[in-house]
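Dock chain B with the ligand against chain A, hints included.
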Amino acid sequence: MKQFDVIVVGGGHAGAEAAAAAARMGSRTALVTLRCDAIGVMSCNPAIGGLGKGHLVREIDAFDGIMGEAADRAGIQFRLLNRRKGPAVQGPRTQADRKLYRQAIQALLAEYESLTILQAEVASLIIGSHRVGGIVLADGSHIKADAVIITAGTFLNGVIHVGDQQRAGGRVGDAPSILLAQQLADLDLQRGRLKTGTPPRLDGRTINWSVLDSQPGDDTPTMFSFLNSAPFVPQISCGITQTNARTHDIVRHNLGRSAMYGGHISGVGPRYCPSIEDKVVRFADKDHHQIFLEPEGLDDPTVYPNGISTSLPADVQHQYVRSILGLESVVITQPGYAIEYDYFDPRGLDPALQVKAMSGLFFAGQINGTTGYEEAAAQGLVAGLNAALLATGRPLVTLSRSESYIGVMIDDLTTHGVTEPYRMFTSRAEYRLALRADNADQRLTETAIALGCVSEKRTNSYSTKAGLLSAAQSLLSQTAFSPRELQAAGVEVSADGARRSAYDVLAFEGVTPEHAARLVPDFASFDQAIQLQTACDALYVQYIQRQDRDIQRLRADEALAIPAGFDYSGIPGLSNELTQKLKRVLPVNIFQASKIEGMTPAALLLLISHVRRPSRRLMA
Amino acid sequence: MDTIFALASAHGRAGVAVLRISGPHSHWAAGQLCALPPVRQAGLRVLRHGGETLDQGLVLAFSAPNSFTGEDAVELHLHGSIAVVAKVSEVLAQMEGLRLADAGEFTRRAMDNGHLDLTQVEGLADLIDAESESQRKQALQVLSGAIAEKVAPWRADLLRAAALIEATIDFADEDVPIDVAPEVLGLLCRVKEDLVAEQARTGAATAIREGFEVAIVGAPNVGKSTLLNALAQREAAITSDIAGTTRDVIEVRMHIAGLLVTLLDTAGLRDSDDVVESIGIARAKQRAEASDLRIFLLQQPGEAFDVASRPDDILRYAKSDVSTVAMPSVSGKTGAGVEDLLAEIASKLAPKTSSAGVFSRQRHLLALTTAEIALGKAINTLPRASVMPEVIATEIRVALNALEGILGHIGVEDLLGEIFSSFCIGK
Ligand SMILES: Cc1cc2nc3c(=O)[nH]c(=O)nc-3n(C[C@H](O)[C@H](O)[C@H](O)COP(=O)(O)OP(=O)(O)OC[C@H]3O[C@@H](n4cnc5c(N)ncnc54)[C@H](O)[C@@H]3O)c2cc1C
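Chains as they are written, first to last, in the working numbering: chain A, 1 to 620; chain B, 1 to 427.
The shape of chain A in the complex, shown without the other chains (with noise of 0.2 angstroms):
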């Protein structure tokens, strides 16, 4: 029988990312999945980051994970979202092509020696008392393992609807994972049903891209990886075109045939990603939608109208789509379509992603709620570190909400749990002006340099990177101007007396390094990078120290951890409510307890005097 560290299930954006970042924990691991060549699919959009995701991408990048990298080498069309905006909401995006993502992706994986890939069908898991030991393949061979994460995305019980027609699947073209699904099931695991939707495919030869307007991608694209600066593959534009009066009449005609609005479906979609049903019923008032049509390659012809997801029959498609300004003979070679699945409560997973309930075994990606290949992905990093570390009996690691949108994402999706598909967006971290797509290396990679994820020639660039930032900002700092000389710079400063450093005037608005290098001469010296990016960290400076306040208390509750077994049902004076809340939910620290919905201070208060009390009763 086969022995690994490590194995994971399924080949989608979490299992790749688990998978390397195993491997390069230095576990033997295993990536099983259902069909090889589909590693690194793109199941929808033919784009990696974007707002909150975008961060996500750098952060995997800090780890020295692939999902950045792969993007890099497959991007045909960088844009920096929020560009004019600050930098703490600036997020990179990329139009990626289909094919070569997916070959960067099995590229990357096949540079980990300690990684086997194979081609199976997981059937169940091996389980003992309270812990995981393996994997059975459908064709009964075991596998044994420490560690085992699964990342089986939308396969759960998969069911994809086109108008009133229903099929099991996993995505367009694969089979659904049904024996795993009822396994999974009879574990006590409190398991739900969501959707989503996807548009229907163009092929881009008959459009009519002449009467379209285009959107080009940056002059200077930016890139995911910290280690990358430029683009590996020639760059296109995207067509822009938009719905009208005629395409809603189509849709609204139609609604009792769509598998959304005829009740075919029951799990719960996305709002923030609604289909065009859900548009024209929801916004009846607006005459007009945005479409984006993004080519899925450089020499694929197939393009995805981003903005017209769907789940009415294939005729009705074919008739809307037809409607639209440049799309009048357009033919569509794979319509769009809905899916429902399984997801599993995330409320479940301790934050390393593990099962509660059953050790050694850690979800990641679409199965916890979440949607998108950022969100799966950054998952995958976490749940693959941490069954390494597992696998050689070392703590697990896990972020803070306080350095990470990862550590924002999976604190949210282990306290709160999810209503309909969780997806990352900016506003959900509230140290947002902290937590940055362009500091995500100083914020992480020390962090994965510790760990031992993080390769010699990433540690060595980082640290020079780290050297120079520091020494850049020592050197802006060392002198305190007037205001007199401040103007004569060219800074605009009010005459009140107090004298500044280049650093402090690098946060006013208008600032930029030029007046930095006036001030200081030597700044100069740095490359511009080094020096966009101290401008970047002195700019929210003022507001970082008034939140430090808030962080600490924050790390504090953190640090007050509730231990496991902690029985809730032994303190008198906490509502039944409150009691089965925390029983279900098992917070592991006062932080997590105090996000109960329904928590109160003075049930906090209670919890937290429980908690310390030396004599506390465990469950037996």
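Hints were generated in silico from the structure; no laboratory data involved.
Be aware that one or more of the hints could be misleading.
[Said to hold, decoys possible] Derived DSBU-like pairs: lysine-lysine, alpha-carbon spacing no greater than 30 angstroms straight-line:
no., chain 1, residue 1, chain 2, residue 2
1, B, 150, B, 348
2, A, 286, A, 85
3, B, 377, A, 85
4, B, 137, B, 150
5, B, 377, B, 192
6, B, 285, A, 595
7, A, 595, B, 192
8, B, 285, B, 348
9, B, 377, A, 595
10, B, 150, B, 285
11, B, 150, B, 333
12, B, 192, A, 85
13, A, 465, A, 85
14, A, 583, A, 595
15, A, 2, A, 356
[Claimed, not checked] Some chain A residues judged to face chain B by a derived CB distance under 8 angstroms, without partners named:
no., residue
16, 51
17, 81
18, 85
19, 89
20, 509
21, 543
No residue lacks a Cβ here, since even glycine has one placed at the ideal position from N, Cα and C.
Chain B with the ligand only, in chain A's frame:
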């Protein structure tokens, strides 16, 4: 979860004594004593236990979550006899799963079950402690959720403003209104003005809760302490003919026309070489400046003190029993003019109470100020909304957190909910 019971009315002999039982076994427990009337209907019942009649009284049952605590509950309205209450309590205590409630435990359960927010718990505590009529009214207002009611529209406005700004950040690529600044400005200004107005009213609210300070100010040996004793109708201050007897500030709490008032007797104002007396005089001036109302006790017209005068100061000529210099006068010794003076104090304090807000605690004021400052910064940054939305969003969040902190928590889900209900987001 235990079922708890306790006397909900005051201890001792009374017309009626109310025993409250709350928790999962409450209906069962009361059912052991009598047949329970239908929920929320009072029924006259004879309470029996082990063949013995305990009392006859009104029985009222509530079922969760529609009770004070949010749990199943029963109220027994018994005859207010110490013996009856003791006997029924003893019987209940012997029942399986029942115990006497700890202090405040009913309230805590109500709060844990989300039936009261933090301010309402404070209101309840104040209500129980209320001494004066105006304190009682104020506490009742807070208990009935007046603070949550005040905060709710601010919260709604700020959530809307935050959602507008956040939409321009997180959905920059999509069909969201481009220039949200005018609407945001309107919302922020409205809330900020309210906050300013509300802060101005916290002084009076605090005074109602903690008592108005009324200082008696005057030269040494003019009879301030005698007047204080006359007003308070007891010997609170030592009086003598020796000037400078009162060296520190003496405080007497009393009720005037339903208001809690702290009368201050201060050291006589004069130049002094005595170190101890000088300290007393400095303190007297300080307290006179800080008090809500002052009574200046004068010896002659035109007498001036080193304390800035205010339009609502009360003037009285002193010791009308020995010398009638001018009117109006008052004598602490004979009581002449005391009634008059009390009436004037009441009439001068009354308008101060009518403007009182519901925010009466230090922590409320702090939250209001924090929120107002943050909103000021957000408003100043608003002209740059297209380039610095994240800074505006941060300030609005600070304000929201401060206001929410008065009651409880804010979650980002509230924010996203607002965004999604307003716009067509998504591709
Ligand atoms: C139709 C559709 C529409 C979508 N729309 C959007 C959208 O609009 N926006 C958005 O952000 N995201 C969207 N997504 C979601 C996005 O594709 C996923 O969130 C992301 O790919 C999830 O990654 P994952 O790794 O968790 O799972 P997946 O990428 O689904 O990968 C699952 C993997 O598990 C393997 N597997 C499953 N069961 C077994 C088994 N028993 N044995 C072995 N291997 C197994 C599969 O072969 C596959 O490799 C959509 C997905 C679909 C299918």
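Hints violated by the structure (numbers, ascending): Of the numbered hints given earlier, those the structure breaks are 6, 10 and 11, listed in rising order.
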